[in-house]
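Chains as they are written, first to last, in my numbering: chain L, 1 to 283; chain U, 1 to 283.
Some hints here could point you the wrong way.
What the hints assert, rightly or not - As a list, the in silico DSSO-like pairs of lysine-lysine whose alpha-carbon atoms are at most 27 Å apart:
no. : chain 1 : residue 1 : chain 2 : residue 2
1   : U       : LYS119    : U       : LYS2
2   : U       : LYS2      : U       : LYS46
3   : L       : LYS22     : L       : LYS2
4   : L       : LYS140    : U       : LYS140
5   : L       : LYS232    : L       : LYS119
6   : L       : LYS232    : L       : LYS149
7   : L       : LYS119    : L       : LYS2
8   : U       : LYS46     : U       : LYS119
9   : U       : LYS225    : U       : LYS119
10  : L       : LYS22     : U       : LYS46
11  : L       : LYS22     : U       : LYS149
12  : U       : LYS149    : L       : LYS140
It is worth saying that the hints were derived from the structure and are not from the lab.
Being a predicted model, the structure only gives us computed values, none of them experimental.
Number of protein chains: 2
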Amino acid sequence: MKIISSIHEMQVEAEHIRLSGKRIGVVPTMGYLHRGHTSLIEMARKQSDVVVTTIFVNPTQFGPGEDFDRYPRDLDRDRVLAEDAGTDYLFTPSTAEMYPAGFATFVTVEGVSEILEGKFRPTHFRGVTTVVMKLLLITKPHIAVFGQKDAQQAFILRKMVRELNVDTEIIVAPIVREHDGLALSSRNVYLSQDERRRATSLYQSLQLASARIQSGDRSVDSLRKEIMNLLKAAQPLQVDYVAFVDPTSFREVDLVAPPQVLALLAVRFGATRLIDNMLISVP
Amino acid sequence: MKIISSIHEMQVEAEHIRLSGKRIGVVPTMGYLHRGHTSLIEMARKQSDVVVTTIFVNPTQFGPGEDFDRYPRDLDRDRVLAEDAGTDYLFTPSTAEMYPAGFATFVTVEGVSEILEGKFRPTHFRGVTTVVMKLLLITKPHIAVFGQKDAQQAFILRKMVRELNVDTEIIVAPIVREHDGLALSSRNVYLSQDERRRATSLYQSLQLASARIQSGDRSVDSLRKEIMNLLKAAQPLQVDYVAFVDPTSFREVDLVAPPQVLALLAVRFGATRLIDNMLISVP
């Protein structure tokens with residue numbers, strides 16, 4: 001595995017790989033890799049000839065007061081995990097090179113970036129779309145793999161890539177969970193033992209929604225009420241949202257309808273904000 | 001010369017050209033080609049193996065009440081001019097394919113897009129940066145050629161390409177002028193005979209600024225006053241701005257200083273808005 005931190009060097013290398021006729025797969029991450037990330041790298045490995053994993057804790061997607069400074073970092077460990085999962089190039093640019101003084105260019109996807117996560121984190125998706133556009137233009141991939149864990153991000157990135165005509169296929173890989181259902185996240189390390197236990201209420205809520213929908217409940221008001229009862233029993237600091245959206249438009253619905261609905265949650269336990277979601281088949 | 005209107009077809013063709021090892025040069029235009037455009041095509045011809053000229057009257061860079069509907073169009077004539085100047089591919093996408101229903105992704109360069117032209121045309125540069133990003137991603141060029149006539153646009157596009165890491169070199173070609181100094185523009189056809197004559201005051205103003213600076217005048221207040229006197233004698237409907245900027249930062253200056261200053265004008269004659277500029281050496 002080759003480690004590259006220079007943008008120019010990575011771009012020249014990517015161009016050479018493309019000119020040699022090989023397919024590039026990229027997995028953009030913020031590091032502190034877990035099995036969720038390695039599943040993305042393995043998926044890229046299967047669908048391309050050369051796998052580039054990027055590690056960059058992107059300051060522009062953190063709001064003021066968010067956890068940019070304390071976001072967990074461990075490059076030595078990441079190096080081993082990335083290579084074991086099948087990475088050929090580890091791209092680790094510096095903040096100074098990614099965002100030189102006077103940086104002022106942003107990519108925005110209006111509308112869908114302002115709801116749900118975007119409502120609680122107003123500049124978050126602008127930071128995500130801008131950095132992903134940069135990373136795609138630097139690594140020149142045929143495919144880019146993202147996790148379904150960040151469902152709204154995946155939807156927004158697909159829309160960005162389609163609307164700006166980026167010649168990269170976006171692949172979204174399933175959520176990887178702990179044995180008790182908690183979705184893997186680098187932020188799970190923030191949880192105390194007690195919070196970790198209560199955090200399983202997110203997955204339980206999604207399972208409850210799925211069960212109620214299978215048995216005929218179609219009302220989002222009623223589903224939300226049941227989920228709120230379950231979540232409140234786990235004593236969260238705050239429930240940011242419990243939402244049901246049409247997965248093709250990401251518009252919130254009042255009544256769930258066939259064929260599918262996407263249920264999304266954001267819940268805070270202490271200082272830690274967790275998100276989870278589930279694509280539910282509607283009979 | 002091959003004419004392509006499908007985005008997908010153009011992108012596949014561009015990828016094949018790149019994979020064959022050839023250099024692509026693109027010249028994005030809104031059509032109604034004149035010698036200004038053909039000079040850009042000729043410059044692309046010299047610096048690349050395959051020249052793509054794009055013709056697309058981009059709705060997102062026109063404001064409400066601007067001249068999108070009446071902007072001059074003549075594809076039959078453009079086809080001949082583009083081919084004669086050395087175009088290999090003429091890319092003429094449809095508005096419906098460039099901006100499908102629900103389109104919501106924009107590229108913005110903050111700050112410099114809001115001054116001068118941006119002040120009088122508030123969403124103009126967002127439309128330009130968005131469409132140029134799309135055109136660059138569709139045509140995959142090694143170089144892209146723009147005209148110095150739109151000096152602020154060229155500065156903004158260079159900043160966008162650098163900050164988003166687009167692997168395309170931006171080349172800016174000199175202004176082409178009529179025998180009496182009027183900068184070529186597709187919009188010159190709007191001018192009545194009388195307006196056409198008075199419009200030479202733009203170039204005369206820039207020449208006056210240059211002469212005053214060569215003879216030692218450094219004060220923008222004094223330069224602006226002299227230019228306003230000259231312009232007013234030509235009875236314009238309105239002078240939008242007379243500005244002097246540092247060409248490296250595009251920041252307005254109060255005192256011109258070595259090595260160079262960029263003088264910019266926007267003046268309306270009747271319903272027609274004309275812009276011009278000159279890079280002036282400062283002794």
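Going through the hints against the structure:
no.	hint	result
1	LYS119/U / LYS2/U	violated (39 Å)
2	LYS2/U / LYS46/U	holds (19 Å)
3	LYS22/L / LYS2/L	holds (17 Å)
4	LYS140/L / LYS140/U	holds (11 Å)
5	LYS232/L / LYS119/L	holds (22 Å)
6	LYS232/L / LYS149/L	holds (22 Å)
7	LYS119/L / LYS2/L	violated (39 Å)
8	LYS46/U / LYS119/U	violated (36 Å)
9	LYS225/U / LYS119/U	holds (21 Å)
10	LYS22/L / LYS46/U	violated (30 Å)
11	LYS22/L / LYS149/U	violated (41 Å)
12	LYS149/U / LYS140/L	violated (32 Å)
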